[in-house]
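Colleague: Each chain, letter by letter, is given below.
Number of protein chains: 2
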Amino acid sequence: MTALQSPFARKLGAFVALSATEITAIDKLHARKKQFPAGRDIVHQGQTNQSAYILASGWACSYKLLTGGTRQIVDFQIPGDFLGLRSVLFRTSDHNIEPVTQLEASEVLASDLLETFSNTPRLATAMLWAASRDEAMVVEHLVGIGRRDAKERTAHFLLELGARLKLVGLGTTSGYDCPLSQYLLADALGLSAVHVNRVLRELREEGLVTFQHGHVEIHDLDALVLLADFDKTYLDHDGPLLK
Amino acid sequence: MTALQSPFARKLGAFVALSATEITAIDKLHARKKQFPAGRDIVHQGQTNQSAYILASGWACSYKLLTGGTRQIVDFQIPGDFLGLRSVLFRTSDHNIEPVTQLEASEVLASDLLETFSNTPRLATAMLWAASRDEAMVVEHLVGIGRRDAKERTAHFLLELGARLKLVGLGTTSGYDCPLSQYLLADALGLSAVHVNRVLRELREEGLVTFQHGHVEIHDLDALVLLADFDKTYLDHDGPLLK
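So the sequences go chain by chain: E and Z. FYI, UniProt numbering numbers position 31 of the first sequence as 31, with every residue one higher than the one before it. FYI, UniProt numbering numbers position 137 of the second sequence as 137, with every residue one higher than the one before it.
Please keep in mind that the hints were generated in silico from the structure rather than gathered at the bench. Among these hints, one or two may not hold up.
As the list claims (entries may be wrong) - Mimicking SDA-like on lysine to any residue, the simulated pairs with C-alpha atoms at most 25 Å apart in a straight line are:
{"#": "1", "chain 1": "E", "residue 1": "Lys166", "chain 2": "E", "residue 2": "His215"}
{"#": "2", "chain 1": "E", "residue 1": "Lys232", "chain 2": "Z", "residue 2": "Arg71"}
{"#": "3", "chain 1": "Z", "residue 1": "Lys243", "chain 2": "E", "residue 2": "Leu29"}
{"#": "4", "chain 1": "Z", "residue 1": "Lys232", "chain 2": "E", "residue 2": "Gly69"}
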């Protein structure tokens, strides 16, 4: 457990106390590193036989395009997250992945996963946990769009991002760097960019949180948690579950 | 591969061509069978140290309660699905599970999963696939609530249920039995029960699909798929990916 661990290892380490063998197995999954420029999709809805990637640095977003041309951003991916895991587990990708910033990611094939699971089965449990956590985040976004008003939804979203970034060493409870534009936020939250702008101004004027110039600063964590009805148990826990 | 296989084995078998050893390992996960009556939650939001279950027969629903008292149904579970997998992978459950009908389910502990993954690592890949498929369904519900109108959303939901039931041998492309009330449908689709009733009547009068007396009958599959913009690649594929 060193400061030089990959974000992916830090994330899985929150679930499984990693042995030296397990850390080596995770390092091996990072063998084929690739660079991707911002703005050009790396996984396409409907394409077959694509690779999955583990994100090492940078931000991405996964989204679906509908027939009418509207899009729904499903989630943003940060370092330590899988990109396009379903593209390798299914034959056909059901979504697009676009780099929000320039990013570095390691290519992972289905055979790499199978080999990892054979040699280090605890990592299979850890990855199942990570996949369940991804699902839990989509559930929160569903609940947000279905049942939370614009302000609660935005507050919840900023708190969730903060907790995720903190787990991989890219933020603290008082703030984090965030490259997302208000247009991207709008497509994720099911709001217009104008509406997002107004909500962010309200949150700032109420002394809760400021999102400006690529940085989120949380002024009053407790009040923000209360407003958003944010319960971080779906993201995190105190110490690994598998010792 | 016999007709007597559990729904869970049928589901995983869609992803991995199961060996005799793997089928035995799956059977072993079904050792601790329990019965649950309809209407009483078996997993509670916020409870700790709960078990997970594999559903053998009956229907359940997973939902979240919000502070204001509203609820959002995240998904319904049918035979072959996990109930509360996140309850065992996380320390605390982030959602509730309520049996819609009387149901039979097998208790699974984290240690059972770890043992299964150690002995039969291909099943780890299969379960990761199943978890990703669950996530893909939640993504579709998110897109539905965010971007589809009430009729498209309802049509998509009925088609998805049909494809899921067909995979575990409980339906055909022309129809399936469905115990869900219009109130449950409403809480899943983010509509009122009155609105659901109207949408179902429209779908019936247009000769697309009839949902009455606990049975869904699909009259015009192609037209329904077109209306819902339904692409089943996130649920299913032709033959197992891991031979």
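Colleague: Please go over all the hints and tell whether each is borne out by the structure.
Modeller: Evaluated hints:
With a C-alpha separation of about 14 Å, the suggested pair Lys166 of chain E and His215 of chain E falls inside the 25 Å cut-off, and the hint holds. A threshold of 25 Å between alpha carbons decides the hint, and for Lys232 of chain E with Arg71 of chain Z the separation of about 19 Å falls inside it, so the pair holds. This hinted pair checks out: Lys243 of chain Z and Leu29 of chain E have alpha carbons roughly 23 Å apart, not beyond 25 Å. For the hint linking Lys232 of chain Z to Gly69 of chain E, the alpha-carbon distance of about 19 Å falls within 25 Å, and the restraint holds.
Of the hints listed earlier, there is not a single one the structure fails to meet.
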